[in-house]
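Participant: Spelled out, the chains give:
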Amino acid sequence: MIKNDTEKLTLKSSENVGEETSTKIITTKDTVFQSKNFDLWYGDHHALKDINLDIKENEVTAIIGPSGCGKSTYIKALNRMVELVPIVKTNGEISYRGRNIFEGNYEVEELRTKVGMVFQKPNPFPKSIYDNIAYGPRIHGIKNKRVLDEIVEKSLRGAAIWDEVKDRLNQNAYGLSGGQQQRICIARCLAIEPDVILMDEPTSALDPISTLKVEELVQEIKHKYSIIIVTHNMQQAARISDKTAFFLNGEVVEFDHTDKIFSTPTDQRTEDYISGRFG
Amino acid sequence: MKYIDETVVMKRMKSRLKFNKLWKSLFLIATLFALLCLVVLLVRIVSQGSGYLNIDFLTNFASRFPEKAGIKAALIGSLWLMAVVAPVSIILGVGTAIYLEEYAKQNKFNDFIRTNISNLAGVPSIVFGLLGLTIFVRMLGLGKSVLAAGFTMSLLILPVIIVAAQEAIRAVPNEQREASYGMGATKWQTITRVVLPAAIPGILTGSILALSRAIGETAPLVVIGIPVILQFLPEGLLSEFTALPMQIYDWAKRPQEEFLYVSSAGIIVLMILLVVMNSIAIFIRNKFQKRY
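Protein chains in written order, with UniProt numbering: chain A, 1 to 279; chain B, 1 to 292.
These are calculated hints, taken from the structure and not from any lab test. There could be a bad hint or two in this list.
[What the hints assert, rightly or not] Calculated pairs, DSS-like style, for lysine-lysine (alpha carbon to alpha carbon, straight line, at most 30 Å):
{"no.": "1", "chain 1": "A", "residue 1": "K145", "chain 2": "A", "residue 2": "K260"}
{"no.": "2", "chain 1": "A", "residue 1": "K127", "chain 2": "B", "residue 2": "K108"}
{"no.": "3", "chain 1": "B", "residue 1": "K287", "chain 2": "A", "residue 2": "K121"}
{"no.": "4", "chain 1": "A", "residue 1": "K224", "chain 2": "A", "residue 2": "K260"}
{"no.": "5", "chain 1": "A", "residue 1": "K154", "chain 2": "A", "residue 2": "K222"}
{"no.": "6", "chain 1": "A", "residue 1": "K222", "chain 2": "A", "residue 2": "K56"}
{"no.": "7", "chain 1": "A", "residue 1": "K145", "chain 2": "B", "residue 2": "K287"}
{"no.": "8", "chain 1": "A", "residue 1": "K89", "chain 2": "A", "residue 2": "K166"}
{"no.": "9", "chain 1": "A", "residue 1": "K49", "chain 2": "B", "residue 2": "K105"}
{"no.": "10", "chain 1": "B", "residue 1": "K187", "chain 2": "A", "residue 2": "K121"}
{"no.": "11", "chain 1": "A", "residue 1": "K89", "chain 2": "B", "residue 2": "K108"}
{"no.": "12", "chain 1": "A", "residue 1": "K114", "chain 2": "A", "residue 2": "K145"}
{"no.": "13", "chain 1": "A", "residue 1": "K154", "chain 2": "A", "residue 2": "K143"}
{"no.": "14", "chain 1": "A", "residue 1": "K166", "chain 2": "B", "residue 2": "K287"}
{"no.": "15", "chain 1": "B", "residue 1": "K105", "chain 2": "A", "residue 2": "K114"}
{"no.": "16", "chain 1": "B", "residue 1": "K105", "chain 2": "A", "residue 2": "K121"}
{"no.": "17", "chain 1": "A", "residue 1": "K224", "chain 2": "A", "residue 2": "K114"}
{"no.": "18", "chain 1": "A", "residue 1": "K143", "chain 2": "B", "residue 2": "K187"}
[What the hints assert, rightly or not] Some but not every residue of chain A turned toward chain B, in silico, with C-beta under 10 Å:
{"no.": "19", "residue": "V108"}
{"no.": "20", "residue": "E110"}
{"no.": "21", "residue": "T113"}
{"no.": "22", "residue": "V115"}
{"no.": "23", "residue": "F125"}
{"no.": "24", "residue": "K127"}
{"no.": "25", "residue": "Y135"}
{"no.": "26", "residue": "G136"}
{"no.": "27", "residue": "L198"}
[Said to hold, decoys possible] Here are the simulated distance ranges between beta carbons:
{"no.": "28", "chain 1": "A", "residue 1": "R99", "chain 2": "B", "residue 2": "E102", "range": "52 to 62 Å"}
{"no.": "29", "chain 1": "B", "residue 1": "M1", "chain 2": "A", "residue 2": "D39", "range": "21 to 31 Å"}
{"no.": "30", "chain 1": "B", "residue 1": "D111", "chain 2": "A", "residue 2": "E153", "range": "18 to 28 Å"}
{"no.": "31", "chain 1": "B", "residue 1": "W188", "chain 2": "A", "residue 2": "D195", "range": "22 to 32 Å"}
{"no.": "32", "chain 1": "B", "residue 1": "S118", "chain 2": "A", "residue 2": "A205", "range": "33 to 43 Å"}
This one's a predicted model, so the numbers in the text were calculated from it and none came from an experiment. All residues carry an ideal CB built from backbone N, CA and C; glycine is no exception.
Chain A with its partners taken away, still in its complex shape:
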């Protein structure tokens, strides 16, 4: 693990509940994702250039930048989803909890079990709400109905949508509104009990009220998961994230605490972008 971070914070550990102390001092926050000189090409197009970023656990990290700056490509690289595009080439490394995910024997299935993803457009399966949530546990071999029931309830509660859907778990998820569908997708992601959740512009297809609900949800669950969220909405980044990375033309221009980025950015380009001068 990486020990170069000296931040101090108190953290309520959910794993230690029941022991004599449920609050402990953690001197260093672990790094979940460390990118070192990472480059990515789509064919001849150099989409990510020399990315160096350390993403800490139990934080919300926002990635902002204008269209085509590589922000979506970057988070899709974190769970190697980017490899679904056949012409992608990478160089350098991204480590997840100390292990390079592009290493030859790192199975993507293993990585994606730990690193869940919520997509731009809500993409529930055309199945019942129950089967949507149970999909992840089932592919990992859980067949016991009682266990599945518990996972479904816990995940739906975790995504703050249990009360809205508990009476219609057997109905098709497509009958729900767009905002509800997106929260179902978040619940479906929680059901595999991930360590990190990647969110690729999760509210860009939603109305303001649904957006607010998803943002509140991110705040509620960030203590249990590390969240990396791509957004084109700077206010959203300012509202919900602890740290913000500003991408431009495939490079990280600036990466710092969100309040720092939005109050006193060090790079002129960051300031121009957040003050709306371009993008």
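Starting from the known structure of chain A, fit chain B onto it as the hints suggest.
Facilitator: For chain B alone, coordinates are given in the frame of chain A:
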């Protein structure tokens, strides 16, 4: 300065609208012509054949006497044929489609295969008959059996099933696959749990339509040399058999006028079978179709 002059527009309006109507009527006439031909054909066949269509016709074997001639051997033979063609062509066809759409990499060789499968669908059926005669009847020594004819027919409709299945698989939105992969599902799990359930209506519709083509095909059976007058039913996959289109073809070319009517009765049976199969295809499509 206005570019659109209202008086000119109004002057041309009438002729534009007239032209619009003219084309509409031309297209309607084209449709009606096709419909008319179909109706003439149906009326002729039903009026000629309905007299011979009764229970005896379905339960009798072929005969020299038109009034005793029946379609039993051909009907049961066609069902045997389908029992071979359906599993062989669907399993091979869907397997190929899954490979091409989900596994095969995008390169020149695979593009070449994809294009040529579509071209194969246009190869005349008699060519497939010759292929079947060479490989299945002679080389593999299967004779004029249900199995040899079944394999030949499977080859004939395989391209159609592959193309239909490919299209159904391609119609499943990529977001669905991403959702599954994003949770750590393997390719196999994604295919069986997400892609196939969504593609099944399209695959089955295409397959049933292809099967109904196989049930009506005559040329490959003629080339293989399937017998026409059989007084027994096939006992197994290696038995000789006859099929509906063969029987109808044989009756139609006989000199006695009565056999023309018997032939029409046979066509009615074949068409009822086709309508039933197509209705099943439509039913499946409407019942299981998923909207995204």
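Participant: Of the hints given before, which are not true for this structure?
Facilitator: The structure conflicts with hints 1, 2, 8, 28, 29, 30, although it agrees with all the remaining ones.
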